[in-house]
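Colleague: Spelled out, the chains give:
There are 2 protein chains.
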Amino acid sequence: MMDIILREKVVEQLGFATADIPVGVSNRHVHLSQPDVEALFGAGYALTPLKPLLQPGQFAAEECVTVVGPKGSLSRVRVLGPTRLVTQLEVSRADCFTLGIKAPLRESGALDNTGDALLIGPAGHVELRSQVICAWRHIHMSPQDARRYAVSNGQRVRVSCNGERRVIFDAVIVRVRDDFALEFHIDTEEANAAGLRNGALVTLLR
Amino acid sequence: MMDIILREKVVEQLGFATADIPVGVSNRHVHLSQPDVEALFGAGYALTPLKPLLQPGQFAAEECVTVVGPKGSLSRVRVLGPTRLVTQLEVSRADCFTLGIKAPLRESGALDNTGDALLIGPAGHVELRSQVICAWRHIHMSPQDARRYAVSNGQRVRVSCNGERRVIFDAVIVRVRDDFALEFHIDTEEANAAGLRNGALVTLLR
Chain A
137 MMDIILREKV VEQLGFATAD IPVGVSNRHV HLSQPDVEAL FGAGYALTPL
187 KPLLQPGQFA AEECVTVVGP KGSLSRVRVL GPTRLVTQLE VSRADCFTLG
237 IKAPLRESGA LDNTGDALLI GPAGHVELRS QVICAWRHIH MSPQDARRYA
287 VSNGQRVRVS CNGERRVIFD AVIVRVRDDF ALEFHIDTEE ANAAGLRNGA
337 LVTLLR
Chain B
137 MMDIILREKV VEQLGFATAD IPVGVSNRHV HLSQPDVEAL FGAGYALTPL
187 KPLLQPGQFA AEECVTVVGP KGSLSRVRVL GPTRLVTQLE VSRADCFTLG
237 IKAPLRESGA LDNTGDALLI GPAGHVELRS QVICAWRHIH MSPQDARRYA
287 VSNGQRVRVS CNGERRVIFD AVIVRVRDDF ALEFHIDTEE ANAAGLRNGA
337 LVTLLR
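Protein sequence lines correspond, in order, to chains A and B. For the first sequence, the positions run 137 to 342 when the working numbering is used. For the second sequence, the positions run 137 to 342 when the working numbering is used.
Isolated chain A, as found in the complex:
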């Protein structure tokens, strides 16, 4: 029995599985509420889609904002659309250092006790209070994908990759929803540390 468990662990850990999940690298970006769109870009303003993202209905907007913190600022931070109920800024650890803010590692939407920052647009500014996070790395997938991998929503899994800078990412959150496309989301520092680019294929290990 012990040996069966061990063998299963080896199979899991060493990844006798297929590299079939595309990587999506997220640079710093902001999701805006419609009131904040209007505060930043003007009354009645609507975001202009620039490029569709892999997740259905999501897009990079033409609009960018400047983010300001107590120590520094970041210009041309991309707005993603469509608008959401609550504005949320997603930055990297290096961005936190540049801005002089603290932003905890969080799943999207889990905003209690998160970071603060100031957004500046051509028509005005918006103060973000407990609305800034470093995104917890995660895999988007459909219920069909979840069945295929035998994982469930919220489960933590490992993800391995290839290349000269290969790593195994532990504590990757699985996010399952009908309208999710299969994609492993990491930020630019995670991508650079692992030598990964958009569209590279990685392997889910349980």
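Possibly wrong hints are sitting among the right ones.
[Claimed, not checked] To spell it out: a stretch of chain A is covered by chain B in this simulated footprint if at least three of its residues, at any positions, have a beta carbon under 8 Å from a beta carbon of chain B; those stretches are:
(1) 222-231
(2) 290-302
(3) 305-319
(4) 328-336
Source of the hints: derived by calculation from the structure; they are not laboratory data. Glycine is no exception: its CB is placed at the ideal position from the N, C-alpha and C atoms.
Put chain B on the given structure of chain A with help from the hints.
Modeller: For chain B alone, kept in the frame of chain A given last:
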């Protein structure tokens, strides 16, 4: 026999070992030759030690330089001492993007077909040709440490860490020398991706 191998692999892969190797996070930095010190800071100039590093005899110098590439520049890049025979600039993948240069992942000193950049100091500039790398993550250790871990110079090992952003780094190079202190060297992006800071303890897996 197969089960023994499997069990050993499990022990190795899952890391039934001690987190006893301190992390050293390397921000972008440059090692200068004495002629380049003088070209940048003036004839007869000698570096001024600011802070000793963990590796015996190595120090962060008071001196900084500006690094320029075709797309951008980085100011206040720290000089490390003492001087070396050949000047070598070590940057991150994000730095390469900022500068607009390509720098391959390399061990220190392996400079064939590496990157170019311009260094600017208060007294002049130096053109680096095939002298810019992204450092391959590595563990410094003494021959005594190497015996204790049963590894040898040049061997590639895995390193695991703890915390909410934990990863297993694969392809970590072991570097053994009499005057090396035990330390796992990674760059800022690798550190941020893994949630590691200077002095955090990690585990060597073979």
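Colleague: All hints are to be evaluated individually against the structure, with a verdict given for each.
Modeller: Hints and how they fare:
no. : hint    : result
1   : 222-231 : holds (count 3)
2   : 290-302 : holds (count 3)
3   : 305-319 : holds (count 3)
4   : 328-336 : holds (count 4)
The structure agrees with every numbered hint stated previously.
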